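Since chain A is already given, all that's left is putting chain B on it; use the hints.
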Amino acid sequence: MAERNPIQPGPEGYIPNPASFQGCDLPPPGKALLYGEIVDEETAMREAAKALLTRKNPTIFPGPLVLWGWNADAMEKAKAVLELAMEIPNCRIIPMPDYRPKYPKIDPEAEINPNHPNLTILHNRIEVCIFVGVHCHYANLSLRMIRAGTNCYTIALCGEMGHEDAMVSLRDVHADEIRRFRDVLVEVRKEMGIEWEPKLPPENPSLPKEEWVKVSPLDFGEYAYLLIPRRGEIVEESE
Amino acid sequence: MPEQRVVEPEYLILEAPRERKFITGSQAFAEAVKRANVDVAIAYPITPQSETMHLVGDLYAQGYVKDYYRAEEEYGAMSAIAGAVRGGARAFTATSGPGLLRGLEAIASWPGHRIPAVLGIMTRVVNAPLSIQPDNVEIAYLLNAGLIVLHAENQQDVFDFTLAGFVISEKVDVYLPVVVATEGFFVTHAKGYVDLPPEDMKLPPRDPYKAPVPPTDCEIPPARIQRDAPVQKSNFMSYLIHAVWQQEVWSANRRAAKWIKHYLGGLIEVVNPDAEVFIVASGCAAAQGREAQRYATMEGLNVGLVKIKSLRPFPTNELREVLKNAKAVIVPEHNIVGWLAKEVKAAIPNSGIVVDGPRVYGGMTLPVELIMDEIYKAFGIKKEKKTVV
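As given, the protein sequences belong to chains A and B, one line each in that order.
If you count the first sequence from 1, position 87 lands on 87 in the working numbering, and the numbers rise without skipping.
If you count the second sequence from 1, position 43 lands on 1043 in the working numbering, and the numbers rise without skipping.
No lab work stands behind these hints, which were simulated from the structure alone.
Since this is a predicted model, take the numbers as computed values, not measurements.
Glycine is no exception: its CB is placed at the ideal position from the N, C-alpha and C atoms.
Take these hints with a grain of salt, some might be off.
DEER-style ranges, computed between Cβ atoms [said to hold, decoys possible]:
no. : chain 1 : residue 1 : chain 2 : residue 2 : range
1   : B       : Tyr1209   : A       : Thr54     : 45 to 53 angstroms
2   : B       : Gly1087   : A       : Asn90     : 42 to 50 angstroms
3   : B       : Met1364   : A       : Pro29     : 47 to 55 angstroms
4   : A       : Gly13     : B       : Ala1108   : 22 to 30 angstroms
5   : A       : Glu37     : B       : Lys1210   : 20 to 28 angstroms
6   : A       : Val186    : B       : Glu1321   : 42 to 50 angstroms
7   : A       : Arg55     : B       : Asp1195   : 24 to 32 angstroms
Chain A extracted, bound-state conformation:
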């Protein structure tokens, strides 16, 4: 018989078994996963809310599907993520802008990367986090590494079928469901007697101030060579 609640915050060890190898199944529509077991969404949301309100340095990791999804749904989802962030006391947002390994060294205050997510978690001492808008394959890689090497409590707000290796995993989550989770979180916060005035998370400290008037090829980072600019050229227009 499978162990009860097998998926707990780590560190689990050198190379832990994936949750699916331990017999954890993804939840059917309308249900959620809590510590690897299928439960009602409300139960999972309340447990996730408690973790976000009690553990240190809560952080949201938005992925490309909300950062770069150029469609109305993605924009609405991104707004909902900000609304959720506003309600979590001292919440930060650290993006997962892409999935390429960052060599020689990632800036762990600026971003998180699925190839070495533990660096960002450990550097910022993040003890609870939310994955949202990350493609499932890369979210699963990250969730396993985080469980292996950190004590971070992971919450996956998945637009598809969910993630077995997160402590809490909700499925079919879009803007409306994120707002529902926000409402549950606010309710739990009030029940716990935590005072908090909603406000946006702080700016990402590692990002330079954005200057929208002029875009330099340097703003394209490692992609800059694709623009093949003339020396000293300033690109006045861009998409």
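Just chain B, lined up with the frame of chain A:
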């Protein structure tokens, strides 16, 4: 070509009315492709193989398949499938024997690249001396690559597994290639009854944005062949990412089980679950095992059959449950190495009850009498050998 309307996979696979046809296994592959809304089929039809890819070529000429070409060889075909699928297309190819092994490096990379495609395999001998006869030893080479491997018993299975294969392969929690293997010649060249849904219906087109990975990873020219390759570095992070990546492929493989149950009725089929002695078989051997089970029942022997439809994911739990009270398990196979017997032994706690065989290979047929001999032995029945001269 009739105008085809898009219907939901559940309807087309599980509910649509069916009409019985008498067709070959290769025709069954083609009939599935006809209804699968395939964007591209890429072939290197090894000679002599089967007419499967020729029939799919006809589908292209008729307009059922949007694009079709003959690759330079199997390695090229399998690599091109990967490229087409990553670009958002729904793709099909088929091969066998030596051709399969030639394309195997590319095929083995599909799961890690998260390539949802369907690969038909019409098994034939792979070893020297060269032969074109049915022998399924090549399936052994596919079992450890992360692919979903279905093994069809007959023409009906070929159709059902292939059509469902496209749907299962594209599930977001799976997103792996599906192999539909069947015995060459015995199934591909022989005719059997197949119940087919109407040909004026087809699956919805592939939605490449409903995926666990971005639909293409070609943002830096020239297009990177690998997805975010971390393996060129030698440090713990590189080892770790590769480890969890492999875990993800095999987790996805396990997740396919629920979809195989949904669309194909289970990973296994069981006949007479209360039997004392079981025949466990896949593919064509299951057809012979079915006959042996029928003969044994007629003789008053309590024999059951477990047909394994899915070799990956392997039905470990299901086998343990069915075989928990078995006295003996006979595993007939069409290969010399006995890859299925090894799998069954590894799956159940009391592997000593597994009988290694009977096995035929090199293209030999598998007479039911061979299986019956093992059944008699399992029941301690001595049969006189008659020599008829």
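Hints versus structure:
no., hint, result
1, Tyr1209(B) to Thr54(A): 45 to 53 angstroms, "violated (37 angstroms)"
2, Gly1087(B) to Asn90(A): 42 to 50 angstroms, "holds (44 angstroms)"
3, Met1364(B) to Pro29(A): 47 to 55 angstroms, "holds (49 angstroms)"
4, Gly13(A) to Ala1108(B): 22 to 30 angstroms, "holds (29 angstroms)"
5, Glu37(A) to Lys1210(B): 20 to 28 angstroms, "holds (27 angstroms)"
6, Val186(A) to Glu1321(B): 42 to 50 angstroms, "holds (47 angstroms)"
7, Arg55(A) to Asp1195(B): 24 to 32 angstroms, "violated (56 angstroms)"
Of the numbered hints stated above, those contradicted by the structure are hints 1 and 7, listed in ascending order.
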